[in-house]
Structure formats: structure tokens, C-alpha cells
Amino acid sequence: MAQEKEAKPAAPPLKLWLGPVALGWLVPGGGHFYLKRWNRGALLLLAVAGMFVFGLMMRGRMFEPSDGDLFNMALNYGGFIGDVASGALYFLTTWLGYSQPDLAGAVPDYGTKFLVCAGLLNILAMIDAYEIAVGKKS
Amino acid sequence: MYWNLSHFQATFFFALFTSIVFGVVTKKTDRERLHYGLYVFGCFLAATFGLGWLMYFGHW
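So the protein sequences, as listed, match chains A and B.
Sequential numbering from 0 applies to the first sequence in numbering that gives the first Met the number 0.
Sequential numbering from 0 applies to the second sequence in numbering that gives the first Met the number 0.
What the hints contain is simulated information worked out from the structure, not anything from laboratory work.
Treat each hint with caution, since some may be false.
One-sided and incomplete, this derived list gives chain B residues near chain A with beta-carbon spacing under 7 Å [as the list claims (entries may be wrong)]:
#1 3
#2 7
#3 19
#4 44
#5 46
Cβ pair distances, simulated, as ranges [what the hints assert, rightly or not]:
#6 134(A) to 49(B): 36 to 44 Å
#7 6(A) to 8(B): 25 to 33 Å
#8 52(A) to 42(B): 18 to 26 Å
#9 57(B) to 68(A): 44 to 52 Å
The C-beta atom is built at its ideal place from N, Cα and C for all residues, glycine as well.
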């Protein structure tokens, strides 16, 4: 007996969400500013930029993609994606020459995690901007 | 310049920034966002103190 296939909802048009998501990647909270969610955008900017600045001040290390065994490759590529997800903060920092070697100690290690987590939080902000742009949220 | 934060200070600020984002992106009204952000922040701190005491008593 043939089952009726449920029709998949059409994907939202690219032009609806690409701008807010791209802006949200480049400037934390930028997607929300673009969509006129000023307060939420400001809070996201404060939180993501704050996390990033704390990571820098604790001398965290930026990940770079590198080959090697599978674990190291996953660690470095994953960390690199997390760093790059901070957008302009990452590009500005590396452009200005920030290059921190892997220092021993708890504080620089925390700093490295702060830098990656700033990017991961920005990904959450980008997803939120996407949902607002396509009308799933207000 | 170098910020030599203690473990607690680093955890506190991590919890603070993360809670703000979780609160903002998760709920639908401002009131719900505030409550959820405070709830997540409280959970982070409770876990910090709880695990801290666990390590204190488990370390002999």
C-alpha cells in the first residue's frame, strides 16, 4: 500500500536570511541589529566580544588547521572553526599580529577555550538571526 | 597586558557570557529570556561550587 509522502516545506529564500546571517558572523549581534532587534543585538555583542577579549587577555592560543593523527586534526580544525566563527574579531586580531604560542598553565588554557567559545556563541546568535529572518521567531 | 584570573573568576565570567547568549537566543519573550538567563547562570554557579566541593573532599 502506497504511503503518501509528506510534502517538505520549501526552504526559505536565500535573500531573506543570507544578509542577517553573514552580518551576524562578521559582527557579533550584527544580524540582530540588521533586523532591528537592538537590545538583543547589543547583549549578544557584549557577550561574544567580552568572551573574546577575555580570551585574548588571558593569552589564549588561536587554533590553526594542521594535519597529523585523527584526534589532533579534529581538535585543530574544530578549534579553528570555533575561532573563525567570531568573524571580524578573529580577522582583526590575526591581522594585527596576535600569535600566541601554546603556554603552559591554567589561565592561557582557559583563554584558548574562551576564544573558541566566543565563536561557538556567535554561531548560536547567527542561528537566532536566521530564525528571526525567516519568521520562525519574533 | 595579562589578566591572571583565578579559576573561579574565569568560570564566573564564562558562565556570565554564556548565560547572556543562552538567554537571548532561547526564549520568546523578554521576561522568559531574563528568567532563563538567570536560571542558566545559577546552574553554572551551582555546578562550579558543587564540583569544587566534590574535588575538595575527593582529593586525599
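Each hint, compared with the structure:
no.: 1; hint: 3; in the structure: holds, 6 Å
no.: 2; hint: 7; in the structure: violated, 11 Å
no.: 3; hint: 19; in the structure: holds, 4 Å
no.: 4; hint: 44; in the structure: violated, 17 Å
no.: 5; hint: 46; in the structure: violated, 16 Å
no.: 6; hint: 134(A) to 49(B): 36 to 44 Å; in the structure: holds, 41 Å
no.: 7; hint: 6(A) to 8(B): 25 to 33 Å; in the structure: violated, 53 Å
no.: 8; hint: 52(A) to 42(B): 18 to 26 Å; in the structure: holds, 24 Å
no.: 9; hint: 57(B) to 68(A): 44 to 52 Å; in the structure: violated, 32 Å
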